[in-house]
Amino acid sequence: SQKIEQNSEALNIQEGKTATLTCNYTNYSPAYLQWYRQDPGRGPVFLLLIRENEKEKRKERLKVTFDTTLKQSLFHITASQPADSATYLCALAHDRGSTLGRLYFGRGTQLTVWP
Amino acid sequence: GAVVSQHPSRVICKSGTSVKIECRSLDFQATTMFWYRQFPKQSLMLMATSNEGSKATYEQGVEKDKFLINHASLTLSTLTVTSAHPEDSSFYICSAIGLVRADTQYFGPGTRLTVL
Numbered sequence: 001s002q003k004i005e006q007n008s009e010a011l012n013i014q015e016g017k018t019a020t021l022t023c024n025y026t027n028y029s030p031a032y033l034q035w036y037r038q039d040p041g042r043g044p045v046f047l048l049l050i051r052e053n054e055k056e057k058r059k060e061r062l063k064v065t066f067d068t069t070l071k072q073s074l075f076h077i078t079a080s081q082p083a084d085s086a087t088y089l090c091a092l093a094h095d096r097g098s099t100l101g102r103l104y105f106g107r108g109t110q111l112t113v114w115p
Numbered sequence: 001g002a003v004v005s006q007h008p009s010r011v012i013c014k015s016g017t018s019v020k021i022e023c024r025s026l027d028f029q030a031t032t033m034f035w036y037r038q039f040p041k042q043s044l045m046l047m048a049t050s051n052e053g054s055k056a057t058y059e060q061g062v063e064k065d066k067f068l069i070n071h072a073s074l075t076l077s078t079l080t081v082t083s084a085h086p087e088d089s090s091f092y093i094c095s096a097i098g099l100v101r102a103d104t105q106y107f108g109p110g111t112r113l114t115v116l
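Going line by line, the protein sequences match chains R and W. Just so you know, we're using the numbering used here here: the first sequence kicks off at 1 and counts up by one. Just so you know, we're using the numbering used here here: the second sequence kicks off at 1 and counts up by one.
Note that these hints are calculated values from the structure, not bench results. Heads up, a few of these hints could be off.
Dumping the calculated DSBU-like pairs for lysine-lysine here, alpha-carbon to alpha-carbon at most 30 angstroms [stated by the list, open to error]: (1) W:55 with W:66; (2) R:57 with R:71; (3) R:3 with W:64; (4) W:14 with W:41; (5) R:55 with R:17; (6) R:3 with W:14; (7) W:41 with W:20; (8) W:55 with R:3; (9) R:71 with W:66; (10) R:57 with R:3; (11) R:17 with W:41; (12) W:41 with W:66; (13) R:59 with R:3; (14) R:57 with W:41; (15) R:71 with R:59; (16) R:63 with W:41; (17) R:71 with R:55; (18) R:59 with W:41; (19) W:66 with R:3.
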């Protein structure tokens, strides 16, 4: 089965800096990979999806990269703000041919942006 | 768009009782709904996958007789925790995928279950 590791449990950075979160996987390369934001006591909120044939995806201050050779995805938040403080989850699509939409989730990285 | 609601948001019950949690897709038809459980500082663990009108598919180690799932319509799925025990206390989250974007799951706000 797929094993997913997110670089650290917690990341603390100063407002205005770029936050970089890492997601590594060990087994097959998924058809796509997603990043979610989760606030305490709330369900995850979808942020970005990147497919295996895409190297980079951007959305406003967010950028995701996907390197199938390294089996790694990087998630960047530029010009970070205290409101970006949350837990960020990496999720990988399950094997092709199995239930459509099924995902494996990492444990998440808790990001704190301090003023 | 793509809003998923859950009810209740919090529930406290006595050991041995049953609790029902509802998951609704408010503005789209959900072809598939997923039920997850999340313990503090842990990842989301998939419990089961349900498709409208058919039996749910449970993950290994999840007791289907204890966690009853009913997906009666394209906008509603329910999870019933039967004979709940303190170890069932957790954060239960549902998600749904629709016809338009089958690769993106939209999550409900979660239900905090506490079994005394």
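Open item on the list: Hinted pair, alpha-carbon criterion (30 angstroms max): residue 59 (chain R), residue 41 (chain W). Please report holds or violated.
Closed with: Holds. Residue 59 (chain R) to residue 41 (chain W) sits at ~27 angstroms (cutoff 30 angstroms).
Open item on the list: Run the distance test for residue 71 (chain R) versus residue 55 (chain R): straight-line Cα separation, threshold 30 angstroms.
Closed with: holds, 12 angstroms
Task: Pair hint residue 3 (chain R) and residue 14 (chain W), alpha-carbon separation not exceeding 30 angstroms - done: violated, 36 angstroms
Task: Proposed proximity, residue 71 (chain R) with residue 57 (chain R) (alpha carbon, max 30 angstroms) - done: Holds, at about 16 angstroms.
Open item on the list: Against the 30 angstroms threshold, does the CA-CA distance of residue 55 (chain W) and residue 3 (chain R) hold or violate the hint?
Closed with: Given that 30 angstroms is the threshold and the Cα spacing comes to 28 angstroms, the pair holds.
Task: Pairwise hint evaluation, residue 3 (chain R) against residue 59 (chain R), where the allowed Cα distance is 30 angstroms at most - done: Answer holds: residue 59 (chain R) to residue 3 (chain R) is near 27 angstroms, not above 30 angstroms.
Task: Holds or violated: residue 57 (chain R) to residue 3 (chain R), with C-alpha atoms at most 30 angstroms apart - done: Status holds; Cα separation ~23 angstroms.
Open item on the list: Can you confirm whether the C-alpha distance between residue 14 (chain W) and residue 41 (chain W) stays at or below 30 angstroms?
Closed with: holds, 25 angstroms
Task: Proposed proximity, residue 41 (chain W) with residue 17 (chain R) (alpha carbon, max 30 angstroms) - done: holds, 25 angstroms
TODO: Mind checking the alpha carbons of residue 41 (chain W) and residue 66 (chain W) for me, to see if they're no more than 30 angstroms apart?
DONE: Since the Cα atoms of residue 41 (chain W) and residue 66 (chain W) sit roughly 24 angstroms apart, the hinted pair holds (cutoff 30 angstroms).
Open item on the list: So if I understand the rule, the pair passes when the alpha-carbon distance is 30 angstroms or less; does residue 55 (chain R) with residue 17 (chain R) pass?
Closed with: holds, 23 angstroms
Task: Distance restraint between residue 3 (chain R) and residue 64 (chain W), which requires alpha-carbon spacing of 30 angstroms or less - done: Holds, at roughly 25 angstroms.
Of the numbered hints stated above, those contradicted by the structure are hints 6 and 9, listed in ascending order.
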